[in-house]
Every structure is written in structure tokens, then in C-alpha cells.
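> Spelled out from the first residue to the last, the chains are:
Number of protein chains: 2
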Amino acid sequence: MSRWEGNTRGRLEQAALDLFTEQGYDRTTVAQIAKRANLTERSFYRWFPDKREVLFGGSEELEERFVAAIHAVPGDTGPLATLMSAFTVAPQVYRPRDFLRKRTAVIAANPPLQERELIKLASLSQALTTALRERGHDAPTAHLAADAGMAILRTTAERWLADENADYAQLLSASAADLRTILTQDAAFTHP
Amino acid sequence: MSRWEGNTRGRLEQAALDLFTEQGYDRTTVAQIAKRANLTERSFYRWFPDKREVLFGGSEELEERFVAAIHAVPGDTGPLATLMSAFTVAPQVYRPRDFLRKRTAVIAANPPLQERELIKLASLSQALTTALRERGHDAPTAHLAADAGMAILRTTAERWLADENADYAQLLSASAADLRTILTQDAAFTHP
Numbered sequence: 001m002s003r004w005e006g007n008t009r010g011r012l013e014q015a016a017l018d019l020f021t022e023q024g025y026d027r028t029t030v031a032q033i034a035k036r037a038n039l040t041e042r043s044f045y046r047w048f049p050d051k052r053e054v055l056f057g058g059s060e061e062l063e064e065r066f067v068a069a070i071h072a073v074p075g076d077t078g079p080l081a082t083l084m085s086a087f088t089v090a091p092q093v094y095r096p097r098d099f100l101r102k103r104t105a106v107i108a109a110n111p112p113l114q115e116r117e118l119i120k121l122a123s124l125s126q127a128l129t130t131a132l133r134e135r136g137h138d139a140p141t142a143h144l145a146a147d148a149g150m151a152i153l154r155t156t157a158e159r160w161l162a163d164e165n166a167d168y169a170q171l172l173s174a175s176a177a178d179l180r181t182i183l184t185q186d187a188a189f190t191h192p
Numbered sequence: 001m002s003r004w005e006g007n008t009r010g011r012l013e014q015a016a017l018d019l020f021t022e023q024g025y026d027r028t029t030v031a032q033i034a035k036r037a038n039l040t041e042r043s044f045y046r047w048f049p050d051k052r053e054v055l056f057g058g059s060e061e062l063e064e065r066f067v068a069a070i071h072a073v074p075g076d077t078g079p080l081a082t083l084m085s086a087f088t089v090a091p092q093v094y095r096p097r098d099f100l101r102k103r104t105a106v107i108a109a110n111p112p113l114q115e116r117e118l119i120k121l122a123s124l125s126q127a128l129t130t131a132l133r134e135r136g137h138d139a140p141t142a143h144l145a146a147d148a149g150m151a152i153l154r155t156t157a158e159r160w161l162a163d164e165n166a167d168y169a170q171l172l173s174a175s176a177a178d179l180r181t182i183l184t185q186d187a188a189f190t191h192p
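Going line by line, the protein sequences match chains A and B.
Quick note: the first sequence uses the numbering used here, first residue 1, plus one each step.
Quick note: the second sequence uses the numbering used here, first residue 1, plus one each step.
One should not assume that every hint holds.
Since copy identity is lost for identical chains, a pair holds within one copy or between any two.
[Stated by the list, open to error] Straight-line Cα separation of at most 27 Å, DSS-like style, residue types lysine-lysine; simulated pairs:
hint: 1; residue 1: 51; residue 2: 120
hint: 2; residue 1: 102; residue 2: 35
hint: 3; residue 1: 35; residue 2: 51
hint: 4; residue 1: 120; residue 2: 102
hint: 5; residue 1: 51; residue 2: 102
The hints are simulated quantities; they were obtained by calculation from the structure and are not laboratory data.
Work out the full structure: start from the sequences and follow the hints.
This is the structure:
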């Protein structure tokens, strides 16, 4: 049993994901999740405000780790390079791949979870923008760099989940290169 | 009175925005919106499923116009250039600047409206991805190009709202150039 599975929060997350996968998100109650994890409902609500939140247990930690890593990058680094360096901490925070794959499927099948995910991603994007601004980048640059960073992070996560042996930092570089190609292949855009 | 203000939907949108601005989103009812627009509640629900939706009246039309414009671009155009060309139709669909500025302020002040906006943006991004895929671009390229396009669209809209005399197509080009600079200024990302 990994350290994550052994803790209360991790047991609740795994129990919830298993039940959502087996019998559906709508049909699963907090009481059932707690019971499956051999815990009480009260324990559940100590960790999560509602049923939706149980699949987003790592989002705050990811945000905090990214922000801390951004502030640890040497000050003369460009905005996107700063984010790319910070993003390399992601695998230290991510849940196990098997958990994340099942989680992706459950979220894709349930609009309330999709909405919650959009809110979490918007919060993360906002945190990256704020951290870059605090490092002296102007607001439009910080916001655009955060947008680019979020696109790279999404692509990287998809590739990382699909390939058991992939190296996260290499995937980050490859995703950034792909985005750069898209931005540079049509140097002169034509307007009607 | 412009054509938009003269129609039923436009009158409801303007009445709702005025009331949200004057007395707050939470305190405004659908009955009050209908009354301010000299219409019935039934008229309101013919156009909008709920109170939140009244500020997103143009989102479906924008999506449809973008998708149609994407499919009208010559087939050998790169994915981002295709989006950039399609985006030039936006000012034909956008509500008047004064309306949009007040709308932005109301959305920023109300989390339920922020959530609805995130859902609308995700839907638009998905529509762009699908349209690019239908033109033969592979899934990762289409998704990354849509991400880049959404970032450019957001920046352009902000600049367009801030400057009464701005040319939309020029702002699109400038925003794309800024994103390109961010992507290319650190050609070699370093990893710890």
C-alpha cells in the first residue's frame, strides 16, 4: 500500500472513484463512499465539502506546489520557461496513473464533474498568472503565458497518462515544441 | 435604436444587464427583467432557460459563425491561420461595446455567472477543435491550435473593449504575435 492509499483522504478518493465507476456518479452517496472506505460520513466531510470535490483532492496542493516552484526559478527567466520549470513537479503531486485514467473517464461522463474541473483549471490558470505578475511580468504577458502553460500542461498530462514509460519533463518539452510549431508555421496570417 | 436593441431578445438582455448592474444579480428576478423590458415572463423563457443564460445570448451564434467561417477557409491553410481568419467575424456577432463592458463587470462579480462563462468557453473551444479535426488536422494539433486560438481571442476581446477605435483584425494579429513571442523567446527550456 502506497503512502497515498494509506491515508484517510486517499482511501476516500479511491472508494469514491471505485463506486462512481461501478454504479455511476449520480447513484453514489457520501454514505456509501464512507462505508466503502471503512470510515464515517463525518470523516468524509472533514476532507471534502461535497461529493463532487472528492475527485479534486490534489488540485490545491498542485496549485501551491506550482506557485512555490515558480517563485524558486531564477529571476531573469522568461515567463513560459518559468512555468515549464515549475511544471516538472507535477508527477510528485499527481495521483497514480491508474487512478487518474479512471478519474478522467468518470469526469467525462458527468457534466457536474466537468463543471467542477473547469473551475479548478480556471483557478490554477489564475494562480499561475498571479505568480508571474508577482515576478514582474506585465498583466497581458502573464495571462498569455499562463494560457500557453495550461495548454502545454493539458497536452502533457494526456500523453503521460497514455504512456506508462513516458518521462514527464520530456513530454513537457515536446508539448511546448508542438504549440510553438502551431504558432510559427503561418508567420503571416492573412485577413479577409 | 439599433436592430439588436429593437428585438425581443436584445431588450431582455439589456433589461437584465441594467438590473444586475443597478441592484445586483442575486436580487434580480426574471419577473423584474421581463417587466423592465415591457414583456411577459413567458417571453423571457421563450428565449432563455434561466436567469443566468440571459447574459450569454450571443454564444451559440458566435460558435456557429466561427465554425461556418472555419469551413470556408481554403483547405491548405494551417490550423491557427484558419482560426485567425474565422475570428475576424466576431465583431459582427458581438453585442455593443458598452453592453459588453458592463457584462464583463457583472460576470466578474458573480461566481454563478463565472461558472456559466467557463462552460460557454469550453464549449466554444471544443467546437473549434472539432471543426479543425473535420478539416483533417490530427486531434492533438487541433486541440492545441484551439487552445492557442482561445487565448488569442480572449486577449483580443480585452483589448477591443478597452479601445474604442481599435481595429479588430489588427488586434487579433497583435495578440497572436504576443503569444508567439512568449513561445519562442526561450527556445531552449531548461529542466532541473
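> Could you place residue 120 and residue 102 in one of the four classes (within, between, both, neither) given a Cα distance threshold of 27 Å?
The answer is both: 18 Å in one copy and 26 Å across copies each meet 27 Å.
> Between copies, within a copy, both or neither: which fits residue 102 and residue 35 at Cα up to 27 Å?
within (21 Å within a copy, 49 Å between copies)
> Using 27 Å as the alpha carbon limit, work out where residue 51 and residue 102 are close: within a copy, between copies, both or neither.
Within one copy, since 17 Å is at most 27 Å while 35 Å is not.
> Since the copies are identical, ignore which copy is meant and state whether residue 51 and residue 120 lie within 27 Å (CA to CA) inside a copy, between copies, both or neither.
both (15 Å within a copy, 24 Å between copies)
> Is it within a copy, between copies, both, or neither that the alpha carbon of residue 35 lies no farther than 27 Å from that of residue 51?
Only inside one copy: residue 35 and residue 51 sit 14 Å apart there, 39 Å across copies, limit 27 Å.
When held up to the earlier numbered hints, the structure conflicts with none and fits them all.
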